[in-house]
Amino acid sequence: MIQEQELKTFVEGTTNYFEVAAQQPASIGSPYLVTEGTPSCHEYTGMISITGKREGVVYFTAPKAMLTVLLMKMQESDFSHETMRDLVGEVANTISGNARKDFGRDFVISVPSVLSGERPEIPSAAGTRSFVIPINWRSHSAKLIVALK
Amino acid sequence: MNANGAKRAMKLMIVDDSNIMRRRIERSQQFEELELVGTACNGLEAIEMFRKMDPDVVTMDLTMPQMDGIECIENIVKIKPAVRILVISALADKATAVEAMEKGANGFLNKPFTDRQLNEAIAELIR
Chain A
1 MIQEQELKTF VEGTTNYFEV AAQQPASIGS PYLVTEGTPS CHEYTGMISI
51 TGKREGVVYF TAPKAMLTVL LMKMQESDFS HETMRDLVGE VANTISGNAR
101 KDFGRDFVIS VPSVLSGERP EIPSAAGTRS FVIPINWRSH SAKLIVALK
Chain B
1001 MNANGAKRAM KLMIVDDSNI MRRRIERSQQ FEELELVGTA CNGLEAIEMF
1051 RKMDPDVVTM DLTMPQMDGI ECIENIVKIK PAVRILVISA LADKATAVEA
1101 MEKGANGFLN KPFTDRQLNE AIAELIR
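Chains A and B supply the protein sequences, listed in that same order. In terms of our numbering, the first sequence opens at residue 1 and continues consecutively. In terms of our numbering, the second sequence opens at residue 1001 and continues consecutively.
Hints in this document: simulated from the structure, not taken from any laboratory. It should be emphasised that the depicted structure is a prediction, and the values quoted were computed from it without experimental measurement. Watch out, some of these pointers could steer you wrong.
[What the hints assert, rightly or not] Pairwise CB distance ranges, derived in the manner of DEER restraints:
#1 G117/A - P1065/B: 16 to 26 Å
#2 Y32/A - A1082/B: 47 to 57 Å
#3 S80/A - D1115/B: 20 to 30 Å
[As the list claims (entries may be wrong)] Here are some of the chain A residues that sit facing chain B, going by a computed Cβ distance under 10 Å:
#4 G13
#5 Y17
#6 E19
#7 V20
#8 Q23
#9 L71
#10 D78
#11 D86
#12 L87
#13 N93
#14 T94
#15 S96
#16 N98
#17 D102
#18 G104
#19 R105
[As the list claims (entries may be wrong)] Within a straight-line C-alpha distance of at most 25 Å, the following computed PhoX-like cross-link-like pairs (lysine-lysine) qualify:
#20 K1103/B - K1052/B
#21 K1080/B - K1052/B
#22 K1103/B - K101/A
#23 K1011/B - K1078/B
#24 K1011/B - K1103/B
#25 K8/A - K1094/B
#26 K8/A - K101/A
#27 K1094/B - K101/A
#28 K149/A - K101/A
#29 K53/A - K1094/B
#30 K53/A - K101/A
#31 K8/A - K53/A
A virtual CB, placed ideally from N, CA and C, is assigned to each residue, including glycine.
Same shape as in the complex, but just chain B (with noise of 0.2 Å):
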């Protein structure tokens, strides 16, 4: 809650190498409780805006250069504990869903996905 009573938005920091993933995540997000803060295409991109900007919910790409995302997950959690990170990844093997979470992933989803199904798993993240 801010001053005057309102409930704050929750802060939204988008990362992924492909600038049309990014779009499509950004777009297609309809949550009035989310506020985008930010968006990064690496790890160590991600890591640096998220010392800035603070956010409470991260989507998380896996495979990306300089820095992957299970390695970025790590960190972030390290500076916040409290954040949830959807990761969303085309990575389809269980291990390495299980391994995410253990990192500290709160929600996993498959590349492709529809809106409904990414509008799902943030409102489950989220809630």
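For reference, chain A alone in the conformation it holds in the complex (with noise of 0.2 Å):
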């Protein structure tokens, strides 16, 4: 199971795309462990499986309210269905990417793939537990999830 630290690696991850991809912080809250079922998600969610010498995934899951500002924040015209898809899998893959500054280049991180509905039900790793990072930012709500052996 993920550690503390381990942990704050991607909470420092998803600090860091905020303040600079979309410059403006988002706030983070106090990550929790999910202990029954899988977490909820939003519209839009990109998941990035993790091999190597760790397995799991990690989502990112926002609304497409939020992702929509994020787009006008980095000067994005298109605000498609494919372009939403998109930003959920690039900032999953920022923030999975990001993390191997701290797990080395044996975390290894696949391509996003995207979920996306009205409820969508992210499928459950295998032999993990999912800790869901609360992310804040402007008038929305966003989570990342990892879910790490």
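Put the two chains together into one complex; each comes in its own frame, and the hints tell you how they fit.
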């Protein structure tokens, strides 16, 4: 299961993403462990599978309204469904890739895959427990979910 | 220099599997010395485009489907050893940066980045 220091790596990665890419810091809530079932998610979820010295999945899930503002902050003018999917995948990829600074190169990340829809359910990764890192940015809420063996 | 004595623009190719990132890099770069000649969303497409467009400068993502950036760098450096390559990747471990440079990359910029960081990295690359 993930250690406190490892969780800190993802908190810092999330903080850095919003500070740099969105040019506006996010407020990161206290991470918590999901004790029953799978965590709920928003309309768009980017997923990165982790293999190598650790196994599991990292998810970034956010509502369309938040992604729209994020895209505007990035000077993007295309707000299509495909662009929303692209963005959640890119955020999940960036935060997971940045984690290699602490985890090292054997923390192997996949290319992103994306879930979208009204209430998509994230698949549970066998043998893992999910930690949720709440993200509050402007008036919106999103989550980074880290499920590692 | 061309026949009129004017300096020829360097040809730029952008490789990234994210449309948002490709457009972001395209928008941010403000160098008169660079002319965008193509974009590609994976290593295989990049090699094909590279052969066709013969770019002088390439920005290269690493984590991509079909063929990753490291393998792509190896291939395009064999085609044109003088090509200048800036890796733009989320992979933040030192070993990956070292490997990319050993394969032939000339610079490494971590995602996420600001426009200023990108422009400084490209300026360094084409200096």
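**Item:** Hint numbers not upheld by this structure, sorted from lowest to highest
**Value:** none
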